[in-house]
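This is what each chain is made of:
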Amino acid sequence: MIAPPFAHLGHWYHSLLYLAPVLIVVVVLWVQERRERRRGGEGEE
Amino acid sequence: MRKRLASGVAAALAAAALLPSSAAAHGLVGKQDLPIPRWLFAWAATVVLVVSFVALAALWPRPRLERVEERRVLSVPLVLEVLCGALGVAAFAVTVWAGFEGTQTATANLMPTVVYVIFWVAIPFSTLLLGNLFAAFNPWRAVARAAGWLFARGRRGGETPAPLTYPAWLGRWPAALGILFFAWVELVYVNRDDPTILAIMALLYAGTQLVGMTLYGVEPWTRNADAFAVYFRMFSMLSPLHWRDRTLYVRPVLGGAPRLDAGAGTVPMLCVMIGTVSFDGLSQGALWTGNGAIAPELQQRFINLGFSGEVALEIAFTIGLLFMVGLVSGVYRLGVIGMHSVRTSHSTEELSRRFVHSLIPISLAYVVAHYFSLLTYQGQAMAYLVSDPLGNGSNVFGTATATIDYNLIGPNGVWYVQVAALVLGHACGLTLAHDRALVVYDRVRDATRSQYWMLAVMVAFTSLGLWLLSAAAQ
Numbered sequence: 001m002i003a004p005p006f007a008h009l010g011h012w013y014h015s016l017l018y019l020a021p022v023l024i025v026v027v028v029l030w031v032q033e034r035r036e037r038r039r040g041g042e043g044e045e
Numbered sequence: 046m047r048k049r050l051a052s053g054v055a056a057a058l059a060a061a062a063l064l065p066s067s068a069a070a071h072g073l074v075g076k077q078d079l080p081i082p083r084w085l086f087a088w089a090a091t092v093v094l095v096v097s098f099v100a101l102a103a104l105w106p107r108p109r110l111e112r113v114e115e116r117r118v119l120s121v122p123l124v125l126e127v128l129c130g131a132l133g134v135a136a137f138a139v140t141v142w143a144g145f146e147g148t149q150t151a152t153a154n155l156m157p158t159v160v161y162v163i164f165w166v167a168i169p170f171s172t173l174l175l176g177n178l179f180a181a182f183n184p185w186r187a188v189a190r191a192a193g194w195l196f197a198r199g200r201r202g203g204e205t206p207a208p209l210t211y212p213a214w215l216g217r218w219p220a221a222l223g224i225l226f227f228a229w230v231e232l233v234y235v236n237r238d239d240p241t242i243l244a245i246m247a248l249l250y251a252g253t254q255l256v257g258m259t260l261y262g263v264e265p266w267t268r269n270a271d272a273f274a275v276y277f278r279m280f281s282m283l284s285p286l287h288w289r290d291r292t293l294y295v296r297p298v299l300g301g302a303p304r305l306d307a308g309a310g311t312v313p314m315l316c317v318m319i320g321t322v323s324f325d326g327l328s329q330g331a332l333w334t335g336n337g338a339i340a341p342e343l344q345q346r347f348i349n350l351g352f353s354g355e356v357a358l359e360i361a362f363t364i365g366l367l368f369m370v371g372l373v374s375g376v377y378r379l380g381v382i383g384m385h386s387v388r389t390s391h392s393t394e395e396l397s398r399r400f401v402h403s404l405i406p407i408s409l410a411y412v413v414a415h416y417f418s419l420l421t422y423q424g425q426a427m428a429y430l431v432s433d434p435l436g437n438g439s440n441v442f443g444t445a446t447a448t449i450d451y452n453l454i455g456p457n458g459v460w461y462v463q464v465a466a467l468v469l470g471h472a473c474g475l476t477l478a479h480d481r482a483l484v485v486y487d488r489v490r491d492a493t494r495s496q497y498w499m500l501a502v503m504v505a506f507t508s509l510g511l512w513l514l515s516a517a518a519q
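So the sequences go chain by chain: X and F. Per my numbering, the first sequence starts with residue 1, numbered consecutively. Per my numbering, the second sequence starts with residue 46, numbered consecutively.
By construction, these hints were calculated from the structure, which means they are not laboratory data. Treat the hints with care, since some could be wrong.
[Claimed, not checked] Pairwise CB distance ranges, derived in the manner of DEER restraints:
id, chain 1, residue 1, chain 2, residue 2, range
1, F, ARG117, X, VAL27, 47 to 53 angstroms
2, X, ARG35, F, ARG291, 53 to 59 angstroms
3, F, LEU215, X, ARG35, 40 to 46 angstroms
[Claimed, not checked] Far from chain X, by Cβ distances over 12 angstroms, these chain F residues were calculated:
id, residue
4, GLU114
5, ALA136
6, TYR211
[As the list claims (entries may be wrong)] Taking beta-carbon pairs under 8 angstroms as the criterion, some of the chain X residues facing chain F (in silico):
id, residue
7, PRO21
8, GLN32
9, GLU36
Don't be surprised by glycine CBs; every beta carbon is placed ideally from N, CA and C.
With the hints as extra help, turn the sequences into a complete structure.
Okay, structure coming up:
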């Protein structure tokens with residue numbers, strides 16, 4: 001049986017530090033995109 | 046819909062940066078002593094990419110790379126082209142001969158080093174600086190052209206049968222599958238270093254190319270289906286030097302990439318190029334091969350199904366290889382879906398093809414970052430291998446006693462080159478995507494908005510690359 005990933009948390013938790021900037025950029029861009037959509041108005045296509 | 050897209054993007058990017066572990070699969074990296082933790086380099090790289098993105102949005106309002114002018118520099122005589130082709134054929138023949146006749150010790154035989162270091166790594170490096178020189182030395186192309194010339198001459202002006210039309214639907218799929226198969230041999234196959242098996246594979250590959258060129262014509266086949274010719278030509282599109290019809294032109298760096306004709310199979314080709322190198326990194330890390338890691342667990346499952354240990358390991362690695370290619374494809378696809386949401390008049394299929402050239406510098410960045418140390422160290426082995434290609438004690442050029450200098454560049458130097466390659470490659474990818482967006486979208490604002498998604502893709506690929514490299518260095 002494959003061990004659940006959390007069983008080896010100690011081996012890879014530091015990998016989250018590489019994931020963090022990706023998530024931050026995605027969230028910021030997503031929020032920015034929503035704002036721009038609102039500003040751009042509904043009728044725009 | 047938007048919510049689903051956003052959560053999908055986040056999940057895929059999260060997976061992209063979480064999966065891995067290691068890197069320099071075939072790189073030789075000593076203990077590094079860096080002034081800051083490795084993960085901080087990923088943060089710094091992200092900052093560089095975000096700043097590049099803002100700078101592009103503010104300072105690059107018109108496309109500059111779509112139609113660059115090329116300046117003719119020089120022409121070379123036909124005899125030189127023939128000579129290059131002959132040299133390519135001779136080098137191929139000597140390498141295959143060494144594979145069959147030489148010692149079967151991989152490190153002492155010319156064949157494995159030529160295939161995995163010179164052919165697979167040194168040529169991509171050189172194409173960036175010198176353009177697509179491989180086209181001139183391509184042995185199977187040279188043989189096919191020579192055969193065609195002799196055939197036409199033999200008919201004394203009589204009509205030669207026209208080749209079949211290369212099917213548009215097939216596109217670069219043969220090349221994508223060819224690179225995937227080569228990567229499978231390099232990373233999965235247990236007998237990957239066996240010189241005789243490599244020699245047989247080289248002959249089979251050359252034979253397949255000759256059949257294809259005979260059926261569909263030398264140039265259409267070479268442009269689409271010769272896996273290595275396509276692979277090297279893509280990298281050469283980033284080069285400031287462009288060889289065409291025995292004439293050398295110069296152009297701005299990156300100026301050739303927008304000319305990529307993204308027919309069928311081009312997107313899979315680039316995803317295979319990035320995904321296979323990524324798996325090379327993953328397969329060296331603790332997450333994949335360590336105690337209780339994925340590979341041993343998967344292998345055990347297949348052993349339980351009745352496979353031998355060796356075959357079970359190959360199956361596990363094949364799954365990993367395909368998974369990484371799928372992951373890279375998925376991240377790119379999500380970027381494209383995001384772009385599509387900005388203006389739905391462009392289909393995802395169209396956007397996928399029109400922006401795929403922005404993956405070329407990323408692919409090269411992965412190659413440089415991943416194989417730089419291999420080329421630096423193992424490339425030196427060519428000094429003694431050319432003098433003793435069979436490993437039988439000969440000393441043709443008097444260099445058989447040469448050794449590898451492992452102090453040529455230190456571990457920190459290797460790391461800085463890797464980081465620089467990744468950051469620069471992704472910044473170039475951003476630039477190409479931004480330049481294309483200015484053509485695809487009517488308004489600069491839409492172009493910039495569309496590139497939010499490509500920025501996310503570039504940051505994800507950069508973090509993934511650095512994560513792989515750092516895990517290998519630990």
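Among all the numbered hints in the text so far, which are the ones the structure does not match?
-> none
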